[in-house]
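Protein chains: 4
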Amino acid sequence: MVCEIIEEIHEECGVFGVYHAEDSASLTYYGLHALQHRGQEGCGIATMNGECLTAYKGKGLVSEVFRDEQIQALQGEYAIGHVRYSTAGGNEIENVQPLIANLEKHKFAVVHNGQIVNAKELRIELEKKGSIFQGSSDSEIILHLIQQGKGSFSERIKQAFQRLEGAYACLVLCEEGIFAIRDHNGLRPLAYASYQDGYLISSESCAFDVMSSSKEITDVDSGEIVWFHSKGITKEYYRKPQGVHMCAMEYIYFARPDSVIDGINVHEARVATGRVMAQKDKESGVSADIVIGVPDSSTSAAIGYAKESGIPYELGLIKNRYVGRTFIQPTQKQRERGVRMKLSAIESLVSGKRIILIDDSIVRGTTSRRIVQLLKEAGAKEVHIRIGAPAITHPCFYGVDTSSFEELISARMSDAELCEYLKADSLRFMEISDLIKAYQSDALCTACFSGHYVTKLFSYGTIIQAFYESHPLK
Amino acid sequence: MVCEIIEEIHEECGVFGVYHAEDSASLTYYGLHALQHRGQEGCGIATMNGECLTAYKGKGLVSEVFRDEQIQALQGEYAIGHVRYSTAGGNEIENVQPLIANLEKHKFAVVHNGQIVNAKELRIELEKKGSIFQGSSDSEIILHLIQQGKGSFSERIKQAFQRLEGAYACLVLCEEGIFAIRDHNGLRPLAYASYQDGYLISSESCAFDVMSSSKEITDVDSGEIVWFHSKGITKEYYRKPQGVHMCAMEYIYFARPDSVIDGINVHEARVATGRVMAQKDKESGVSADIVIGVPDSSTSAAIGYAKESGIPYELGLIKNRYVGRTFIQPTQKQRERGVRMKLSAIESLVSGKRIILIDDSIVRGTTSRRIVQLLKEAGAKEVHIRIGAPAITHPCFYGVDTSSFEELISARMSDAELCEYLKADSLRFMEISDLIKAYQSDALCTACFSGHYVTKLFSYGTIIQAFYESHPLK
Amino acid sequence: MVCEIIEEIHEECGVFGVYHAEDSASLTYYGLHALQHRGQEGCGIATMNGECLTAYKGKGLVSEVFRDEQIQALQGEYAIGHVRYSTAGGNEIENVQPLIANLEKHKFAVVHNGQIVNAKELRIELEKKGSIFQGSSDSEIILHLIQQGKGSFSERIKQAFQRLEGAYACLVLCEEGIFAIRDHNGLRPLAYASYQDGYLISSESCAFDVMSSSKEITDVDSGEIVWFHSKGITKEYYRKPQGVHMCAMEYIYFARPDSVIDGINVHEARVATGRVMAQKDKESGVSADIVIGVPDSSTSAAIGYAKESGIPYELGLIKNRYVGRTFIQPTQKQRERGVRMKLSAIESLVSGKRIILIDDSIVRGTTSRRIVQLLKEAGAKEVHIRIGAPAITHPCFYGVDTSSFEELISARMSDAELCEYLKADSLRFMEISDLIKAYQSDALCTACFSGHYVTKLFSYGTIIQAFYESHPLK
Amino acid sequence: MVCEIIEEIHEECGVFGVYHAEDSASLTYYGLHALQHRGQEGCGIATMNGECLTAYKGKGLVSEVFRDEQIQALQGEYAIGHVRYSTAGGNEIENVQPLIANLEKHKFAVVHNGQIVNAKELRIELEKKGSIFQGSSDSEIILHLIQQGKGSFSERIKQAFQRLEGAYACLVLCEEGIFAIRDHNGLRPLAYASYQDGYLISSESCAFDVMSSSKEITDVDSGEIVWFHSKGITKEYYRKPQGVHMCAMEYIYFARPDSVIDGINVHEARVATGRVMAQKDKESGVSADIVIGVPDSSTSAAIGYAKESGIPYELGLIKNRYVGRTFIQPTQKQRERGVRMKLSAIESLVSGKRIILIDDSIVRGTTSRRIVQLLKEAGAKEVHIRIGAPAITHPCFYGVDTSSFEELISARMSDAELCEYLKADSLRFMEISDLIKAYQSDALCTACFSGHYVTKLFSYGTIIQAFYESHPLK
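Heads up: the sequence lines are chains A, B, C and D, in that order. In terms of our numbering, the first sequence is numbered consecutively and its last residue is 474. In terms of our numbering, the second sequence is numbered consecutively and its last residue is 474. In terms of our numbering, the third sequence is numbered consecutively and its last residue is 474. In terms of our numbering, the fourth sequence is numbered consecutively and its last residue is 474.
Check before you lean on any hint, since a few could be wrong.
Note that identical chains are pooled: a pair holds if it fits in a single copy or bridges any two copies.
To be verified - Once the Cα atoms are required to be at most 27 Å apart in a straight line, the calculated DSS-like pairs of lysine-lysine come out as:
hint: 1; residue 1: K456; residue 2: K105
hint: 2; residue 1: K158; residue 2: K129
hint: 3; residue 1: K307; residue 2: K282
hint: 4; residue 1: K128; residue 2: K280
hint: 5; residue 1: K107; residue 2: K120
hint: 6; residue 1: K231; residue 2: K105
hint: 7; residue 1: K282; residue 2: K231
hint: 8; residue 1: K240; residue 2: K158
hint: 9; residue 1: K120; residue 2: K150
hint: 10; residue 1: K437; residue 2: K282
hint: 11; residue 1: K128; residue 2: K105
hint: 12; residue 1: K129; residue 2: K423
hint: 13; residue 1: K456; residue 2: K120
hint: 14; residue 1: K129; residue 2: K105
hint: 15; residue 1: K307; residue 2: K376
hint: 16; residue 1: K307; residue 2: K280
Hints were generated in silico from the structure; no laboratory data involved.
Go ahead and model the full structure; you've got the sequences and the hints to work with.
Printed below as a string of C-alpha cells:
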C-alpha cells in the first residue's frame, strides 16, 4: 500500500442522490464517480421503486463495484449513493453504505458523510432499549433513531436528527422521496441542483457538472431538512441553525477545485490563500526564484502565490498518475523510494534555484521531509515551505481522519523545530486569520488548528483533555 | 448455472461451533468444510476473544472465502461458523451469517439453520417497537429478541427462543461462551462431541470426524439450550420438548451418509429404505435384472434394495465430478444436455436390462424424465423408478427450499400420471409408514409428504389453504 | 492445496475436437467439461474459420476459463480443445494448449496428450537449426516439426510425427480440417464418433455421450493419422503400427468408468480386476466380513470383488465432494487431517469387521496408511488391502506424472515391508498376468510395473539406469 | 471503457532493464511503474540467474500483475521488463513481453518498443524457412532472427538487427548480460544510467529518478548496440547511424515531463512550444484573457504560452483522477457525458473570458469539440484552440497507434473546416518549422505531420499510396 508510505489526510465519504429520473441508478453511478476522490474503499447505491427498495454495494472503486447488470437491477426513480473511505479496522462490508432498513412496512436507506460525536452515548442508550448494531458505522445509529420516532416519516426524521451531535450530510431514501439533512453547525457540505424535472443532491457541486451544464446550486442550510417529493421541495429547520462552519480542510485539501461549496469556489479559495501567503512573504522580505506546488492539491495555491509575488510558477514536481492502491510489500529501501515513486523533480527547473514550495498541510512530516530532500538532490539552492493552512495541532471529530493525534507533528514541535526536522530553509504556516482573509469568510470550522470545537465533544472530550495534559503543546 | 438445469432440493444451512480451543477459527474452517454440502453460496466465522468479537464472511465455498490471513485474524478460543444456501433473491451479503450484534457492551453473534414460521409476525412487532432489519434473514430476528430480553444473557436467550415458532438449530456466541439451541419440535439436527478439553458443535456429526476419532456424540434435545462455558456444560429446557420430529429429508437427501442424526446413521437409514422398497416389490412380483442408484444420494438405498432383492447392484450411472457452479448460458439444446453433462450411463451394463432405478425424490420431474430417456437410449429394456421417500405434495416451511409448490409435480399429478410423464415402466413412492418402518423411528417430520405440519403456520397457513382450495390434490 | 496433502497420480491431459459443426466451440466446451478429470490446471480452445484461427485459453477449470463471450468469439466450424494437468514448475501460461502457429500463411494449432521421449534430442536439433521455444511443453516441438516439413500440409504432418518417439494422442487444426494422430505403440487413447454430418474426436468416449446417444466409436489406430476434411475421412498409417499398448493406468485409475477405450469399458475392466483379486483370495483362503472400495476410482473393483467372493460390498468410506483446489496452509496437524477431510468411515459399518479394502494404486504410501488408521480407529478388526493393479516400481515416461521415482514406495520396499508400514493385516498387489486375465487383453503398457518400456528411452534411459544401480529393487 | 469515449493516441510500449543488482526484479518493478504511462494493458519481467531464465507476465497494471511472491521468484542479477499498450485485436497473452527463447542451451529474452516496418516480409521469409510464430507481436521476429544467426551471441544480435527496418528500442537478456539496441534512425528513445556498480536502462529517464538521484544519463545512439556485461560496457554500431529522428510525439504527448530524451527535457520542450505559439499569436494580434491547458499533457505548453504572452495561465479545466479502465456500457447519452466525466470547467474562471485553449493534438476531433462546448456552456466568450504540434495527417508506422487514417480528421478537413466543426473561434496548429525552433533541434521524426517517412515502408507503402489516391489531402 502506497498509502502506508505516503502520509495523507483522509476524507470519510461522499454522498449523492437523484430525485427523480428514469435512470436514477445510472445517474448516481456518474455522480459517485465524480465524488470518487472523497473515498475509494467502498461504494453503494440504493434505489426506491414504489415500495421496493433495492441496494447494491461492494468494496473498491465505483468503476470496479458496478457493472451494467448491477445498474440495471437498481430500478426506480429515486436513488442515493455513497463512496466511502474507511478508517483502519472498519473495513468490513457491514459498514459500506447505503445502510438499509429492510422493513416489512416502509423500507428506507441512509447514506452519511461526517461523524456523530455523541455516537457512543447514543449507541449505549439504544442498546439498552434493545437496538442491535451490526456494524460500527455511525449511520446505523441514524437508522435506529428514525425507526424509533413517532408520527409521520418526516416527523421521525426530524426527531432522529435532533438527537445527533456532530457533523453530517445525510440522505434518507424512502417511499416518500429523499430527505437531505445537514447538521446545524454546517460542518460538512451538501448541495442540490435541479435536473430536468427533478433534482440532483451531492456532497460537492463537481458531481452536478457531469450531468448538466446548469449551475444553479443551492446549499442545504445548517440545521435544515430538504425533502424532495412528488410535489416539489419542502424545506424545514429541524434544529436552530448555528451558522455555517464549513470544514476548512474541504477548501484546503479534500474538495475538487471545480466544486463550489457554500458559495466559495475551491480553486479560487486556494488561489487566494496563495496570494495571502505571498503578501506575508513580501512583508517579511522573502525572495525566491520559482514557486512550486505539490501536485495536485497545491497547484492552485502555488498559482495564486506566483501571481501575487511575481515569482514565476513552475511545474517543478511531476506526479506519477499510476500510483495505485496495491503494491509489493515495501522494504526499508523501497519505503524511502515512496516519495520518488509518486513525485519527481524536473532538475533543469529546480537546479540552482531558491524555491517557494507550496503544500496544503503537514501531518506526520515524513513526506514533506522527503520532498525537500528530493528537491535538494535535484540541485535546489533553498527550499522555503509555505503551507496553505494553519498547523494541524488537534484531531478532528467531524469526519476527517487526521490519524491519532500522537502523530500530528505540529502538536509536538514548534514551527522552528519542524523546519529543522524537514531540513527546509524556512517554513511558514498560515494564521487562521489569514485563512479567513483569503476566503473572505469566517464560516469555517478550524478546530484542528485551534482546538476550538463548535460542538460539545462528549466522550471524545475526555480523551483530548487527558492527552494535552500529558503532552503540552509547543 | 447448472443448478438451473438440474432440479434440486436445497438445504438452507449448516452450523458449526468450537468451545474452546486455541485454534478455534481453524477448527471451524475444517468443520464448515465438512458441512459444505449443506450450503455453497456463502459462509462465515465469528470468534470471541475476551470482549472482542471478530467476524469474517463472504460469498462462495469455504475454501474460496477463507485464506490463511483471514483465519489468523480470527483470534479467540470460541468460534461459530455457518455455511449458507441462499434462496432466490436473498443472495445479498447482508444475509450471510454469522450475524453480529456489534454492541458497546456485550457483543454477540448468531448462526442459524432452519426457518422461523412466525418471522413475519415477529418482524412487524419488532419494527413497531423500533427495531431495524438490514437484511431478510430470519436470524436477524433472533438478534433483536435476545437484545430486547431482560436479565442475564442466558435469561435473554431463553426469552428470545420462547418467542420463535418453527425449525431451528442455533448457535449464539458471546463472552460467556456458546449457547446451542434446538427448536422444541426437534425439526433440525444439532449435536455436540467433546474435543480435547472442550467441545465441537455441529449440524451433522460428519464434521466431528475430521478433527477426531472420538465418537461420543450427544444430540441437543428438542427445546433444549446447551450452554458451553468455562466451568463446563449447563443444559436447560427453555420450552417443553414436543418430541423429536427430524426432517425426513435429512435422512433421505441432505445429510452426508457418514453422519449420525438423532441416533440414526444416515447411510443405514437409506439402506433400510432400499430394503423396504425391495420387500414391497417382492410382494407385488416386480422382477428386474439390475438395481441402479442415481449418484450420489441414492447409492445407499440402491445397495439396500439389491441386498434385499438379490438383484445385482450395478454402477449404471456415472456422475461427472466437475459439474461446477458457473457455466456458459444454456441454449435450449444445451439445457437438454444438462442431465448428460452431469450423468452418463454405462451402456454395456444397462443395454437390454430391466432396471430398478432408485432415486431419492421427485420435485419437478424434469430430471427424472431425462434420466429415464438416458437409460432407454443406452438400451435399457425397462426402467422401474423407486423413490426412497413418499411423494412431495406440500411445501416445507422448516428450512428446506422445495421451490414454490406450484412446481411440485406430485401435487399436480397422480402417481400413474407421473409415471406416464416420466416415460417409466413403473413408479413407486414409499408410504410414510414404510419410512417409519425403515428408520425404526417415527420421530420424523413428514409434513412435505402429508401436509401435517407440527407447528402452527401463521401467515404461511393462509397461503397454503388458498392454494389447495384452488388446486385440489390428485 | 489438498493435492499436497493427498498423494495422487496425475494424468497429463485430455484432447477434444469437432469437425464440423456450426457451434463447434460450444461443443468443444462441453467435450472438455466431460474430460475435466484428465486435467484441471488449464484449458483452451482453438477454432478455424476459413483462414482465420482464433484461440482462447487460461488457467483453471473449463467452467472458470470460458464465459459466453469467449465461446462466441470462437467462430468457425472446426475446433480443438485441451484440458491440462501441469507438472510442477511448468505452470506457465505459455504451456497451456492449444499451441498456435500464427503464420501469415496457413495457420495451425496443436493439442497433445502424452509425452515425447526424444523431446530433449529434438529440441537441441531444432534449436541448432534456428528454432525458438517459448515454453517447455512437448507440443511446441510438434509445431516446429510440422512447419519445417516439405510438401502438402498432410505430408508435413506425417513427416513430423515420424520423428516423434513416445506416447501421444494429438489433434492438429488447420484450414484443411483436423488431423488426429496416435503414436505407433498406441500408448494413449484417442477415438472418434460421428455427430450429425460431422465428427467428434476425444481422448475418452465419455465426452461423446454428452452430445449424443450414438455409440459408434472408432479408435484411432496405433501409428495412424485420421484426417477429417470436407470430403469425409482419410486414414493413413504414417508409421508401422506396433500394436496397441494402452496405458494400464487409464483403465485402473484415470479414465471415467463410462468410457470405452480400445474396446474395453473402463468400469467393466475394473469389475473384472475385482473378480480376479477375489479368486486369488479364495484360493489362499482369505475371508472377511465386508468389501470396501476407496471412492471413487475403486468402487467398480470393489463391486467386482464382492460379486465374485460373495462378501458384501459396503459403502464404508464416504468422500467429501467439496475437496477443492485452494486451501489454507496446512500445519502438521492439519496435514494429518488431510485424509479425514477427504474421506470418512461409517463407523457402524466397519466397527468389528474384517475388511477387504480395495484401492487402485500405492504411490508414496502415506494416504493408504492413513486410511488404514481411519478404519482401525472406527473399529475395524482387520484391514486387508487389495490393490487393483501391480505395484508401481518404475517411473512413467509416457504422460503420467508418477512423481520422482525416489518416491515410489514399491521401488524401495517389498510387499511385506510395505504391509507393515501401512499397518495393514495383509496386502496384495495384482500380477501383470492377472491384469491381462481381467481385461482379457494384453494390449497394455505395463512399464511402470515391470520396467519394460515399449520405446527406446533416449536421455531418460540413462537416468533410470543410474537410479536402479544405486537403488536395487526389493 | 472510457478510452472508447475519449479519443487518445497510444504509445505502444516501454522497456526497462537492470544490469546488475541483487534485487534486479524489484528494481525493474519500480522502473516499469515509472513507465506505466507508456502502456497499461500488460507487463512482464524476465531475470537471468546463471543459465536459468525466469519470467512472469500478465495483463493489467504493474501493480496488479506483480505481488511479492512473483518478484521473489524472479531470481538473478540481470533483469528486463516491459509495459505494453496493445492495439485492438492483439490483446492475447501471447503478445505480452518479455518474449522468451526457452532453449536447452543459451536461453534469452527480448523486450521491444517500436514497430518493424518489414515485419510482414520477415515473417513470410522466416515461415518459409520453418519458423513458427505463436503470437502477432513484432518481437517474435527478433527472437527468430537472433536464433538463426551465426557465431557468438553478440554476432547473432548484430546480424538480427541488421535485418530489421523501422523503429525500435530493444533489450535482449541472456547469460552474457543485457544488450540494448536502438534503430539506426533513432526513432524511439532508449537511455541508460549508472546505478551502484551496474546500470539501469530505460525508455525514459524518469524511471531512473525513482532509484537514484544520479543524473548521468547516456542515450543509446542510433544504430548502436550497448552490451552490459561482467567487465563493463561494450558499444558498437551494428549499422550506420542515420542521425536521430526522435518521434516528435514523445515530446508532444507521450513522455513524462520530467524525462530527458536525447538531451531535451520534455517539460521544457513543451514550454518552448507554448512560447512559440504565443509569439505567432502576438504577431497576428490575437488577444485573450486567460490561457488554459488541457490536463495533464498540455499544462507545460500552456505555462509557456502564458509566460511569453503575458496572458495569465489559469487552471480552467480540472481532470477527474479516477477515470478508470472499466466502465458501464455507455449509452449515447452517457457517451456524451464522456468528456464531462473526465474534465470539468471552473465556471468562475472561464465565464465571460476569451480563452486560449492549449491542447497537444487532434486525432478524430470529437474530444476537442466537446471541450469547446464545455467551456462555452461554462460561459466562455471565445475559445481559441492552439495545438502544440502540427496537424496529424498521416499514420505512424513506427510504434504509435494513431488509429486508422480514415479517422485522422486533419487528413480530411482543412484547418478552417476543422475550426468550424469544433465550433472554436480560431484554431492554429504549429508548423513543423515551429517545432524545430521550439526544440532547438531538428533531430525529429515528423512523418505523421508531413508524410515524409525516414524509412522505406514496405507493404505499408502500398496501403498509404492507395489511400491518398482516393482521399486527396485537403
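Here's how the hints hold up against the structure:
1. K456 <-> K105: between (36 Å within a copy, 24 Å between copies)
2. K158 <-> K129: Both, since 20 Å and 18 Å are each at most 27 Å.
3. K307 <-> K282: both (13 Å within a copy, 22 Å between copies)
4. K128 <-> K280: Result: close neither inside a copy nor across copies, 56 Å intra and 62 Å inter.
5. K107 <-> K120: For K107 and K120, the Cα distance is within 27 Å both inside one copy (25 Å) and across copies (14 Å).
6. K231 <-> K105: For K231 and K105, the Cα distance is within 27 Å only inside one copy (23 Å; across copies 45 Å).
7. K282 <-> K231: neither (57 Å within a copy, 57 Å between copies)
8. K240 <-> K158: Intra 12 Å, inter 46 Å, cutoff 27 Å: intra-copy only.
9. K120 <-> K150: both (23 Å within a copy, 22 Å between copies)
10. K437 <-> K282: For K437 and K282, the Cα distance is within 27 Å only inside one copy (17 Å; across copies 37 Å).
11. K128 <-> K105: For K128 and K105, the Cα distance is within 27 Å both inside one copy (24 Å) and across copies (10 Å).
12. K129 <-> K423: Cα proximity of K129 and K423: none, with 56 Å in one copy and 62 Å across.
13. K456 <-> K120: within (13 Å within a copy, 42 Å between copies)
14. K129 <-> K105: both (21 Å within a copy, 13 Å between copies)
15. K307 <-> K376: Both. Shortest intra-copy (25 Å) and inter-copy (26 Å) distances satisfy the 27 Å Cα cut-off.
16. K307 <-> K280: both (14 Å within a copy, 24 Å between copies)
When the structure is compared with the earlier hints, violations turn up for hints 4, 7, 12 and for no others.
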